[in-house]
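Combine the two chains into a complex, taking the hints into account.
Protein sequence lines, in the order shown, are assigned to chains P and C. Our numbering puts the first residue of the first sequence at 1, with every later residue one more than the last. Our numbering puts the first residue of the second sequence at 139, with every later residue one more than the last.
Rather than coming from a laboratory, the hints here were simulated on the basis of the structure. Bear in mind the structure is a predicted one, so any value in this text is a computation, not a measurement. Among the hints, a few may not be true.
Taking lysine to any residue pairs in the SDA-like style, the calculated list, with each CA pair at most 20 Å apart, reads [as the list claims (entries may be wrong)]:
#	chain 1	residue 1	chain 2	residue 2
1	P	K6	C	I270
2	P	K18	C	G266
3	P	K6	C	E262
4	P	K7	C	R302
5	C	K338	P	K92
6	P	K114	C	P268
7	P	K92	C	K263
8	P	K114	C	D394
9	P	K7	C	P268
10	C	K338	P	P108
11	C	K263	P	P108
12	C	K338	P	A75
13	P	K114	C	E262
Below, a sample of chain C positions facing chain P; criterion: calculated Cβ distance under 7 Å [claimed, not checked]:
#	residue
14	Y274
15	G277
16	I279
17	L287
18	R291
19	D333
20	V340
21	S341
22	W342
Built from N, CA and C at the ideal position, the CB exists for glycine as well.
Single-letter residue listing:
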Amino acid sequence: MKDNYKKPLPIPQPESDKFWNGLKKKEIWIQRCSSTNQFQFYPRTHCMLHNQNDIEWVKVSGDSTLFTYAIVYQAPMHSFVDDVPYVNALVKLNEGPIIPSNIVDVEPDPSNFKIGMKLKPVFVNVNKNFTLLKFRPA
Amino acid sequence: MPNFNKLKNLSGKMSIIGVSESDQIGKVPEKSPLALHAEAAVNALDDAGLNLSDVDGLFTAGWSTLDVAEYIGIQPRYTDSTSVGGSSFVIHIAHAIAAISAGYCDVALITHGQSGRSDRVPQEKHLGIPMIQFEYPYGIIGPPSSYSLACSRYMYQYGEDRTRNAMAEIAVSTRKWANLNPKAYFYDKGMTHDDYHNSKWVSWPFHLLDCCLVTDAGAAIIITTNERAKNARKKGVNILGVGEGHDHSMISQMPDLTKAFGTKTGPQAIEMSGISINDIDLAMIYDSFTYTVLVSLENIGFCKPGEGPDFLLEKSIIPGGNFPLNTNGGGLSYTHPGMYGIFTIVEAVRQLRNEAENRQIENCNLALAHGTGGLLSSTATVVLGS
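Chain C with its partners taken away, still in its complex shape (with noise of 0.2 Å):
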């Protein structure tokens, strides 16, 4: 492991202020992407107590920052637009840390909005890369292929059926935590197991109820030091670890397909936290997939490679349990525009500060948030105190 002393003096010093979705989220043909970026910018800056004109950094992904910033209107002294999939937001606030404590800004703000189901104008990749020569003209193209490949491989490692039925544990436990959010997608709906193994196949081995929603969303945050969050409306979150990182981009050049680079972001956000791995009260892990979720439990290392179907079943993850894990609703259940990295911490802010209504766990004094993007490409880990 590399050394992270250095690391560790950024630990708890900065803190998050404000955490916003935009106005709505779900089905939100009226309004363009940029207009959900601008949306949840100004809910999050009100969340926080602050102006736009207190924005002098800007963090996005997908989007260049010219174009956010200009449709919000800010002009910000410093601009980090990483674009490496999902996980980018959770990636921001490792650099939004870095830029303030090295005086590149003094207030963040990380925005998000995509239309995932109702955009106008595609989002297109450029045409010269690998992935698009070497997989897509065998039709490996886009995440379920991709990811489906990785899942395939877990199973012949560590046994298919004790996999299904943690994916399925997974699927039905996600869905039970957002029939108790009323901004979660499938807030109405219940799931049940056979609901779960008789739903079509999408790509085998995922059933539909495997994958994400395709929703429009947004969502921001807002960073600052420790000192100038005790001017904030309310009690900031405090950021005690950071990881980032990736190892290839298209998944035939994924170097173990059933370790993705959380294997180095999980401790890395745990060691400069200072915390151990059984402290963490909630779990919010990017569930692009249901097998995401258990393949990252194990990089992170709640347990060992190739035991999470057993850690599942041990624990309990439905509402009541003893393991909080995306009490959201995740990208399953809750919303998934795209890019659903950003809502991990958004709701990872909100158990800290005890305003998760119904859904709100106790004790939730620390957070550990998960981001994967790409197709299991990079990853990002954020440990969050109260």
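The shape of chain P in the complex, shown without the other chains (with noise of 0.2 Å):
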């Protein structure tokens, strides 16, 4: 794959490599607290409710939900100049974390999109090293 994508990629720091990595073999991990079974994102050493080391890493199929979504007109960078107008989301996954991507394989109008739709992962792969998690209504 020849690498001019000039978009900005994700600048993985150690506590998220296994999340990136994943993505590439189409695969979605996150974090949940083994004493309470909670779920969190982003990637963390710590568990957020209560303070302890006891993250454990689990699978999931990114089965989700639109929680909020935006269209894009205006790129906010030059590199984004040809994808408007395209779709910014908050996705709520069935397990309950929120995390920010975007909704393809739709046009982007306001007619298309309810709150709470039902969503599928797609992974999008942007060059050799990055998958990025994007989602497609179900």
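This is the structure in structure tokens:
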């Protein structure tokens, strides 16, 4: 794959490598507290709820619902100029955590979106090192 | 709610004795951001009847106090560069009264200078932060895309049409106030409801006219004890209550998209002041977007969650109306260099001192200023009394 991708790429930190490496294999790994079974996003070295290092990684399906969305018409960076209008979204995984993403495979018009609508994951390889996790209507 | 009894001892003990903008605001490509800091500082000191050598505490955001103090030419014995977005300068008021009360300094200077429109060197974020890792790759970048995600959720919860009408009313009324302020970027330009609804989309649900300006501007504030304020050039404006805090950085981590931290800082500032929210004569609410005003009014407690649109229709926020709001023309139509919070204080002080000329409101004795910073991340509320 020729690497001419100009948009911002993730800069993984040690505690989030597992998340980004998973996406390359079309797998979604998120963290869960082994004491309370609460999920959290983004990856951290501790459980945000009770201040302990009892985190485990769990593979989830990516089945989710639309929590909120917005349609970007004015590119925030030059590298997004060819993408507008595109759809930003906060997506609620069925396990609970909310993650930032885009909704793809649908015309960017408010009439096509309903908050609460069911979503499925789409794995988008942007270069040889990174896969982004986007979503489409289920 | 936490116990504010200790905080109440600080209520009314300090005063703002000087405020000013830089000489010019708006399009100022011929001046650096540091020059805007310095101009505003000198002007505010002149307003207070003090000299640079009187300043022993320096508060600023977006810059190191090292660089700002060196450029202005002061040697502070206390500094604070808390930088949590546009609310920072409102937060600095809370920090200044604490520092003065503890004896760390006697005369606090808060300065701001930013060339959002003309800067030769754009400010960069630290590349290692989670926001850049998790949101930037998707194009969730900067205030319009983040605030629009929150507004979209608000519309879903409380109704799109009534929210839209309220946002239009905020845009048009704020412009009417700007038309009374010669320093306002849009002093000479009117706005109708049709103009609002016909303006292009930036990030749906935001039209262009939902969004603040991007300008060059500086401003400064001088704070000291009431004792020392007696010798100032003009009567001081009393600092009655303060509140500050934040609950997230990037928008996807906001605990409740329709409730910013103003739900904490508003009630704290009012409680500390010992006043009722109904006593407020002027509300200066940071308007990065029309939506920011709507949600802030609810958060502070002027009305209940989701009732902002009804509140705005019942009240009248145009000049001459019964709920004076953003009388300088706001970030939407007066000026917004990137971090606007300090200008809410400058205008509140002018109204309380009866210095607001054409746009002076009647019987202004109590003003509330409210800053929002980051991506609805941080807020600060200050209550001021004449």
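Now for the hints, and whether the structure bears them out:
As the CA atoms of P:K6 and C:I270 are separated by approximately 15 Å, the hinted pair is consistent with the 20 Å bound. For the hint linking P:K18 to C:G266, the alpha-carbon distance of about 17 Å falls within 20 Å, and the restraint holds. Among the hinted pairs, P:K6 with C:E262 is consistent with the structure: their alpha-carbon atoms are about 17 Å apart, no more than 20 Å. The straight-line distance between the Cα atoms of P:K7 and C:R302 is roughly 32 Å, outside the 20 Å bound, and the hint therefore fails.
Straight-line distance between C-alpha atoms of C:K338 and P:K92 comes to about 30 Å, which puts the hinted pair past the 20 Å bound. For the hint linking P:K114 to C:P268, the alpha-carbon distance of about 28 Å lies beyond 20 Å, and the restraint is violated. Of the pairs offered as hints, the one joining P:K92 and C:K263 is violated, with about 27 Å between alpha carbons and a cut-off of 20 Å exceeded. At most 20 Å may separate the alpha-carbon atoms for a hinted pair to count; P:K114 and C:D394 meet this at roughly 19 Å.
About 16 Å separates the Cα atoms of P:K7 and C:P268, which keeps this hinted pair within 20 Å; it holds. With a CA separation close to 15 Å, the supplied pair C:K338 and P:P108 stays within the 20 Å bound. Restraint check for C:K263 and P:P108: not satisfied, since their Cα atoms lie roughly 30 Å apart, outside the 20 Å limit. At most 20 Å may separate the alpha-carbon atoms for a hinted pair to count; C:K338 and P:A75 meet this at roughly 13 Å.
A threshold of 20 Å between alpha carbons decides the hint, and for P:K114 with C:E262 the separation of about 35 Å lies outside it, so the pair is violated. Using the Cβ-Cβ criterion of 7 Å, the hint placing C:Y274 at the interface with chain P is satisfied: the shortest such distance is roughly 4 Å. Residue-level restraint check for C:G277 holds (minimum Cβ-Cβ distance to chain P is 5 Å; threshold 7 Å). Checking C:I279 against chain P: minimum C-beta separation of about 4 Å stays under 7 Å; hint holds.
Here the hint on C:L287 is kept, as its CB sits about 5 Å from the closest CB of chain P, short of 7 Å. Here the hint on C:R291 is kept, as its CB sits about 4 Å from the closest CB of chain P, short of 7 Å. A hinted interface residue such as C:D333 counts as satisfied when its beta carbon comes closer than 7 Å to some beta carbon of chain P; here the least separation is about 18 Å, so the hint is violated. For C:V340, the shortest C-beta to C-beta distance to chain P is roughly 5 Å, which falls under 7 Å, so the interface hint holds.
At its closest, the beta carbon of C:S341 sits 5 Å from a beta carbon of chain P; the interface hint therefore holds under the 7 Å criterion. Below 7 Å, beta-carbon pairs count as interface contacts, and C:W342 has one with chain P at about 4 Å; its hint therefore holds.
Hint compliance for this structure: hints 4, 5, 6, 7, 11, 13, 19 are broken, all remaining hints hold.
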